Each structure stands twice: as structure tokens, then as C-alpha cells.
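2 protein chains.
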Amino acid sequence: MRRWLLPEAIEDILPVEAARIEALRRRMLDGFHGHGYELVTPPLLEYVESLLTDGAHDLDLRTFKLVDQLSGRTLGIRADITPQVARIDAHLLNRAGVTRLCYCANVLHTRSDSLTATREPLQIGAELYGHGGIEADIEVIRLLADTLALADLSATRIDLGHVGIFRALARRADLDDDQVQVLFDALQAKDVPTLEALTEAIAEPVRSALRGLPECYGGSEVLDKVLALTAGDAEVAAAVTDLRQLVEALAGLPISFDLADLRGYHYHSGVMFAAYCAHHPNAIALGGRYDSMGKAFGRARPATGFSMDLREVVRLSENDSVPGRILAPWGDDPTLQQEIARLRAAGEAVAVALPGHDGSWREAGCDRRLVQRDAKWTLEALN
Amino acid sequence: MRRWLLPEAIEDILPVEAARIEALRRRMLDGFHGHGYELVTPPLLEYVESLLTDGAHDLDLRTFKLVDQLSGRTLGIRADITPQVARIDAHLLNRAGVTRLCYCANVLHTRSDSLTATREPLQIGAELYGHGGIEADIEVIRLLADTLALADLSATRIDLGHVGIFRALARRADLDDDQVQVLFDALQAKDVPTLEALTEAIAEPVRSALRGLPECYGGSEVLDKVLALTAGDAEVAAAVTDLRQLVEALAGLPISFDLADLRGYHYHSGVMFAAYCAHHPNAIALGGRYDSMGKAFGRARPATGFSMDLREVVRLSENDSVPGRILAPWGDDPTLQQEIARLRAAGEAVAVALPGHDGSWREAGCDRRLVQRDAKWTLEALN
Chain U
161 MRRWLLPEAI EDILPVEAAR IEALRRRMLD GFHGHGYELV TPPLLEYVES LLTDGAHDLD
221 LRTFKLVDQL SGRTLGIRAD ITPQVARIDA HLLNRAGVTR LCYCANVLHT RSDSLTATRE
281 PLQIGAELYG HGGIEADIEV IRLLADTLAL ADLSATRIDL GHVGIFRALA RRADLDDDQV
341 QVLFDALQAK DVPTLEALTE AIAEPVRSAL RGLPECYGGS EVLDKVLALT AGDAEVAAAV
401 TDLRQLVEAL AGLPISFDLA DLRGYHYHSG VMFAAYCAHH PNAIALGGRY DSMGKAFGRA
461 RPATGFSMDL REVVRLSEND SVPGRILAPW GDDPTLQQEI ARLRAAGEAV AVALPGHDGS
521 WREAGCDRRL VQRDAKWTLE ALN
Chain E
161 MRRWLLPEAI EDILPVEAAR IEALRRRMLD GFHGHGYELV TPPLLEYVES LLTDGAHDLD
221 LRTFKLVDQL SGRTLGIRAD ITPQVARIDA HLLNRAGVTR LCYCANVLHT RSDSLTATRE
281 PLQIGAELYG HGGIEADIEV IRLLADTLAL ADLSATRIDL GHVGIFRALA RRADLDDDQV
341 QVLFDALQAK DVPTLEALTE AIAEPVRSAL RGLPECYGGS EVLDKVLALT AGDAEVAAAV
401 TDLRQLVEAL AGLPISFDLA DLRGYHYHSG VMFAAYCAHH PNAIALGGRY DSMGKAFGRA
461 RPATGFSMDL REVVRLSEND SVPGRILAPW GDDPTLQQEI ARLRAAGEAV AVALPGHDGS
521 WREAGCDRRL VQRDAKWTLE ALN
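Sequences listed follow chains U and E, in order.
Each number in the working numbering corresponds to the 1-based position in the first sequence with 160 added.
Each number in the working numbering corresponds to the 1-based position in the second sequence with 160 added.
Note that these hints are calculated values from the structure, not bench results.
Nothing here was measured: the structure is a model prediction, and the numbers come from that model.
Mixed in with the good hints there might be a few duds.
Footprint (simulated), chain U over chain E, 3 or more residues, beta carbon under 8 Å [to be verified]: (1) 230-242; (2) 245-258; (3) 264-273; (4) 284-295; (5) 350-363; (6) 429-439; (7) 521-528.
Under 7 Å between C-beta atoms, here's a sample of chain U residues computed to sit facing chain E [unchecked claim]: (8) Ile170; (9) Gly194; (10) Leu199; (11) Pro203; (12) Leu230; (13) Gly232; (14) Thr234; (15) Ile248; (16) Glu280; (17) Leu410; (18) Ala456; (19) Arg459.
A virtual CB, placed ideally from N, CA and C, is assigned to each residue, including glycine.
Could you put the whole structure together from the sequences, leaning on the hints where they help?
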């Protein structure tokens with residue numbers, strides 16, 4: 161038995177990567193703090209019905225389940241943190257006004273999202289509760305762009321969508337919940353043949369509108385296109401008005417549209433967005449409105465936010481070099497101890513040489529050493 | 161169904177506590193970094209046989225198990241991080257010399273350690289591999305004292321023990337593994353009647369020595385006492401020599417002894433220690449030698465270190481007040497945006513007032529607001 165083997169899509173984070181993740185984690189949490197977002201840390205483990213809001217079928221499949229010895233009930237290891245933060249807003253903080261929350265913690269998935277994805281993402285995100293107006297959408301999308309910039313990663317594209325467009329069309333098509341689900345999946349997969357088969361029996365103009373959605377991506381012209389396709393549907397028109405306001409307010413950001421992109425655990429309710437970076441085919445961050453989630457926890461609240469996998473962001477960001485450590489001799493000489501304390505206070509990593517390990521310190525990451533020359537402690541290169 | 165109920169001994173960490181934990185987490189990890197300890201983050205989830213080193217029966221019972229859909233094998237959610245870090249040292253880093261590692265991450269327990277303990281501790285710790293000499297024990301105990309000081313928490317007492325004393329006596333008593341286990345449990349529980357019954361058949365002087373161990377706590381006189389009890393046993397004498405060297409090197413720290421305190425997942429192999437603080441009956445941090453653990457991962461290495469639950473430390477440390485946030489008006493005025501950016505860069509949390517929520521901002525933690533007076537932006541108290 162090779163005890164050091166890890167399960168598929170599960171990895172250790174070793175020193176160089178861990179230092180980069182820690183540094184970026186601090187920068188991002190400090191950025192959230194600066195914008196008034198308060199840190200919360202929900203538990204890894206909850207009763208499974210608290211983790212899974214209604215209709216969250218894909219989240220259910222991705223959630224590890226286990227039995228609580230204390231209660232005999234089924235527990236889940238969280239596969240997403242947003243529903244937990246919505247619970248905290250709705251039930252625990254229970255504030256009447258605007259509440260801004262952020263978090264950074266691990267989630268576990270029973271299966272990877274993609275061939276290269278980990279089953280243990282480090283989810284970092286920010287959520288804004290209590291404001292239904294477009295100002296909240298503007299704030300969180302700007303905050304997302306600022307947050308990616310902290311990783312020296314500019315969003316090459318932020319795609320906007322609006323789940324209200326699909327919902328309006330599905331309602332007009334008079335489909336039952338199962339049919340909506342299948343149609344939703346076909347659109348999410350941009351599976352045009354299935355989409356055509358599913359919409360065969362739907363009356364015009366809704367049929368053409370649904371079939372046309374996968375083509376509704378690109379610049380602002382997409383908004384005119386969807387208005388034409390849906391022939392003046394009032395709900396679609398309202399969604400388009402939201403999206404036009406957003407584009408105007410977000411001038412300077414690389415905004416485009418993808419109106420058939422409906423992903424995100426089926427909990428979204430309005431404007432949705434996805435950020436893409438160079439050299440990476442998948443979205444690096446996802447977000448949007450989920451105004452109805454709080455209802456499961458006793459209080460529906462306007463809500464919008466975003467999240468990303470910090471480990472993936474670190475992998476895509478520029479490779480900062482990690483500075484080397486300083487090797488100091490073992491000993492109680494007060495001048496040596498003072499010098500070590502001074503270097504540590506200045507942010508240096510000073511490792512003490514334990515006796516008998518000469519020649520092995522470069523392997524431990526030391527590139528300089530503290531030596532006494534003419535009664536003074538100075539740094540020299542370590543060979 | 162009340163979806164917001166959490167399982168027993170599982171809690172959310174809300175903003176004030178989360179901010180205090182985050183601040184102390186950074187101070188402690190910076191302290192470890194300054195001492196040359198490299199951060200690693202092992203996964204939450206491993207094959208269960210990797211998480212459980214031989215004989216770790218209590219750890220086994222505390223580990224949540226689940227089935228991996230991808231491999232069909234049993235996975236465990238870690239209940240301790242030290243064995244994972246030993247795996248990283250032994251197998252992944254595979255360095256010949258001294259390796260210093262640290263970590264801060266959640267573990268899960270199927271049951272609480274005590275009536276008040278959480279089932280989701282935030283384990284923070286430091287481990288030193290590759291050096292069998294007493295210098296390593298000295299370094300980690302000093303580091304533990306420095307780390308507690310970062311929480312404004314001084315150790316009121318650091319109890320030293322040495323598992324070699326018990327092992328030497330058990331060997332001389334010629335007990336089989338099961339008997340050693342039962343005896344070990346009785347000693348750990350300081351259960352004197354059981355201890356007397358179990359040692360009934362053991363020949364002197366080992367019988368009296370085992371029976372006397374629970375009384376071996378206090379100052380340095382304890383070391384003379386155990387030497388007398390064990391009538392010059394060479395292994396016991398070697399352990400006592402280690403302990404005497406430690407006391408001398410750790411002058412200035414509040415060192416005492418508890419030679420029957422053998423707790424810690426049965427993996428210890430030499431000097432062990434436990435730190436206690438005022439107003440808290442249980443040890444706040446535990447540590448010690450575990451030289452044989454790496455063997456399970458292909459390479460036995462000298463090892464010592466300590467860990468503690470950061471959430472518990474924060475609860476015991478002084479209650480820092482969390483500074484209030486600043487409320488800024490919503491708007492694109494460049495002078496306003498500049499002032500907000502300046503305040504954020506200075507470390508302030510500036511929340512923007514979204515329209516329509518007047519009167520609710522104190523609830524969101526704002527105690528000052530940014531207002532324009534005579535064409536200048538200034539801060540005023542928020543009522």
C-alpha cells in the first residue's frame with residue numbers, strides 16, 4: 161500500500177504555491193475589507209438540506225454526504241459557500257439594510273468540474289445583500305474587476321447575461337418544471353440539435369427566440385437582436401434595460417454579452433456575469449443575482465455577488481518569485497539574537513542552523529547566511 | 161424544517177470573530193515565516209489509510225469517512241493535520257536535511273473533544289523535521305511560547321513529559337500491545353484504581369514505578385522522583401537527561417512536568433509538552449516528538465512540533481475591538497472616488513451608501529461618514 165498516494169483531483173499545496181496563495185488571499189481579503197465587506201466563515205459541514213436550496217440538482221450530485229453520529233442525520237460537506245453566506249445574511253445577521261459579506265475557504269466536490277479542475281477549490285468571493293437596484297450589480301462587477309487586478313490578472317472579457325430572459329421565454333412556452341430543466345441544460349451546453357428538438361412544439365415567436373439565444377453573444381448589438389427575437393416581451397425588455405444600464409455604468413471594463421450562458425447552480429434570478437482571462441478557456445470567476453435564495457432560510461433578500469477558485473487564479477497569475485531564507489547560527493549570543501529579531505521584524509525568514517546539517521541548507525531554501533565579521537553580524541551569500 | 165439549524169458543535173464564524181481570527185492567523189503565520197517555517201496546505205480529504213498511521217485508534221474514531229465515487233475507495237476527512245505534514249516531509253519534499261513546515265487549516269471531528277469543543281477546529285501548527293537533537297525540542301517549545309504571546313496570551317505553564325519513560329516501563333513489564341494500550345489509557349485518564357488493578361501482576365520495581373507515574377507532576381523534583389521510582393533504568397535516565405537539558409535551555413519559560421500525560425494520538429516518541437493558559441482548564445496547545453510517523457510514508461525522520469485550535473486561542477485572547485466602517489455617498493465624482501481610494505489604501509473599510517437605505521448603516525457597522533464640506537471631503541460621526 162502506497163500511503164502517500166492522493167485521491168484523483170486532490171493535491172497537496174507545497175511551499176512555493178502555498179506562499180503565493182497566502183499572499184493573494186490577504187490582498188483580496190484586504191480589498192474586500194476596504195470596500196466594506198465583512199469576513200464570515202461558515203462551517204465545512206451542515207445538514208444536507210441546509211446546503212441544498214430547492215432545485216439545486218447539480219449541487220446535490222457534487223456534495224459529499226456522510227452520517228452524523230450525534231444526530232443520525234445526513235450531513236453534507238459544502239460544495240459551494242454562497243448558500244451558506246445567504247443563510248448567515250437571512251437568518252443570523254438579520255439586518256434590515258445592506259449587508260456586504262466576503263469569505264475564503266475550501267469546498268469539496270465529489271467530481272471535478274473539468275478534466276483539469278481540482279475537487280477541492282479554495283473559494284473566495286464577495287456577496288452584497290439587501291439592495292435590488294442596479295447599483296449593487298455595478299458595485300460587485302467593479303469589485304470583481306478590481307479583485308482580479310490584485311492578482312495581476314486583468315479580465316480580458318466580462319460576459320453579462322440575464323436569467324430573466326430565459327425565464328420569460330420558458331413561461332411563455334408554458335413548459336412544466338422538468339421541461340424547463342431539460343431546456344435549460346440544452347442551452348447551457350449550447351446543444352443546438354437538442355434545443356431544436358425540444359422547441360419543436362413551441363409556438364412562435366417563442367420558439368425562434370429560444371432557438372436564437374445561443375447566437376446572442378458578442379457586443380451591444382446582441383441586446384437589439386434579443387429584443388427583435390422576443391418581439392417586445394415586457395420582461396425581456398426590462399432585462400435588456402438592466403443590461404444597457406450596466407454597460408453604461410461599467411464603461412472602461414471589457415463588457416460583452418452571452419445571453420444563453422445560464423450556469424451557476426440554477427439559483428440565479430437576474431443579471432449574471434462571467435469573467436475570462438487570457439490563456440484560459442473557462443471562466444475564472446462567476447457571479448450574479450440570486451434574490452430568492454434567502455427564502456429557504458426564512459427571508460428572501462435581494463442578493464448579488466461573485467466567487468472564484470483562488471488556487472486557479474494563482475496558477476494563472478504571474479509567478480512571483482518567493483524570496484530565499486537566511487541561515488543563522490545556533491547560539492545564545494545576545495548580539496546574534498538581536499540581529500535575528502531585527503531581520504525577522506523586517507519580514508525576513510531566518511532559519512537557525514541546527515548542529516550537524518552543514519551542506520543541506522540551500523535545499524531548505526536558504527540563500528544567505530548571517531556571519532560575524534569584525535564583531536558585526538552581516539549577511540553573505542550561502543553557497 | 162428549519163434549514164438554518166446547524167449540527168451540534170458546528171458553528172458559523174460571524175464578522176467580529178472572523179476578523180479577529182484572520183488577524184491572529186496572519187500574525188502567527190508571519191511569526192512562523194520569520195522563523196523559517198514554510199507554509200503547506202495538505203488536502204481536506206485523503207484515502208483513509210493515509211490519514212491514519214498505525215495504532216491511531218482514537219484518531220480513527222474521530223475521522224469522518226466517505227466513499228470516493230471516482231475510485232470506490234474509502235476517503236477520510238482529516239481529523240489532524242500533523243500526519244499529512246509528515247507525509248509531505250517524508251515523501252514529497254524528500255529533503256536530506258532539516259525541514260521546517262507550518263500550516264493553518266480546518267479539521268473535522270466526528271465527536272467533540274469536550275463538552276465545549278467544536279467539531280471543526282482551525283488547526284494551526286509548526287513542525288520541525290530532520291533533527292533528532294534536543295535543539296529541535298528547544299526551538300519548537302520557544303516558538304510555541306512566542307506564538308501564544310502573539311495572541312496576547314502567555315502560557316501560564318508548559319508541562320513537559322517524555323513518552324520514553326512509560327515505554328521503558330511497559331517494556332520491562334513484558335506486556336503485549338493490548339495490555340500496553342489499556343495501561344496507557346488508564347494513565348492518560350489518571351485512573352488510579354484501574355492502574356492498580358492492571359499492574360497487580362507486574363514485578364517490582366516496575367509495578368511501583370507505573371503506579372507512581374500519576375504523582376510525577378510539578379517542578380524539577382519530579383525528575384529525581386521518577387529516577388528513584390525506576391531504580392536507575394537506563395532509558396528512563398536518558399529521558400530525564402533530555403528533560404533536564406530542556407529546562408536549562410528554556411530558562412525564562414514557566415516549565416513544569418507531568419510525566420503521566422501521554423495524550424496525543426499515540427504517535428509520540430520522546431519529549432512531549434502541553435501549554436496551559438489562565439482561565440482555561442484544558443491545554444491550549446499540544447506538541448512533542450513523533451520520530452516514527454514518517455515511516456508509514458516511506459521514510460522515518462526525526463520530527464517534533466506543536467499545534468493548537470486558533471478559534472479557541474482567539475476566544476481566550478483579549479477582545480480587540482473591531483474598528484467601524486466609513487459610509488461614503490454613491491456617485492462618480494472624481495474627488496469623491498479619490499478620497500475613497502485614499503481611505504481604503506490607508507486600511508479603512510469604506511462602504512458605499514446604495515440609494516434608499518438611510519438609517520440602516522449603523523447596523524452595517526458604519527460609525528463615520530464621508531461628507532463634502534466647503535468643497536472638501538471630510539469624515540463625520542454617523543448617528
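Hint-by-hint comparison with the structure:
1. 230-242: Per the Cβ count (5), the hint holds.
2. 245-258: Holds: 10 residues of the region 245-258 of chain E have a Cβ under 8 Å from chain U.
3. 264-273: Contact hint for the region 264-273 of chain E vs chain U: holds, 5 residues under 8 Å.
4. 284-295: Coverage by chain U holds for the region 284-295 of chain E (4 residues, Cβ < 8 Å).
5. 350-363: violated (count 0)
6. 429-439: Three-residue rule not met by the region 429-439 of chain E, so violated; n is 0.
7. 521-528: holds (count 5)
8. Ile170: 5 Å, holds
9. Gly194: Because about 4 Å separates U/Gly194 from the closest Cβ in chain E, which is inside the 7 Å limit, the hint holds.
10. Leu199: 4 Å, holds
11. Pro203: Because about 5 Å separates U/Pro203 from the closest Cβ in chain E, which is inside the 7 Å limit, the hint holds.
12. Leu230: Holds: closest Cβ of chain E sits about 5 Å from U/Leu230, inside 7 Å.
13. Gly232: With a closest approach of 11 Å, the U/Gly232 hint is violated.
14. Thr234: This hint is violated: U/Thr234 lies away from chain E, its Cβ roughly 10 Å from the closest one there, beyond 7 Å.
15. Ile248: Check passed: Cβ of U/Ile248 comes within 6 Å of chain E, closer than 7 Å.
16. Glu280: At about 5 Å, which falls below the 7 Å cut-off, the nearest Cβ of chain E leaves the hint on U/Glu280 intact, so it holds.
17. Leu410: 12 Å, violated
18. Ala456: 5 Å, holds
19. Arg459: Violated, about 10 Å.
When each numbered hint is compared with the structure, violations occur for hints 5, 6, 13, 14, 17, 19.
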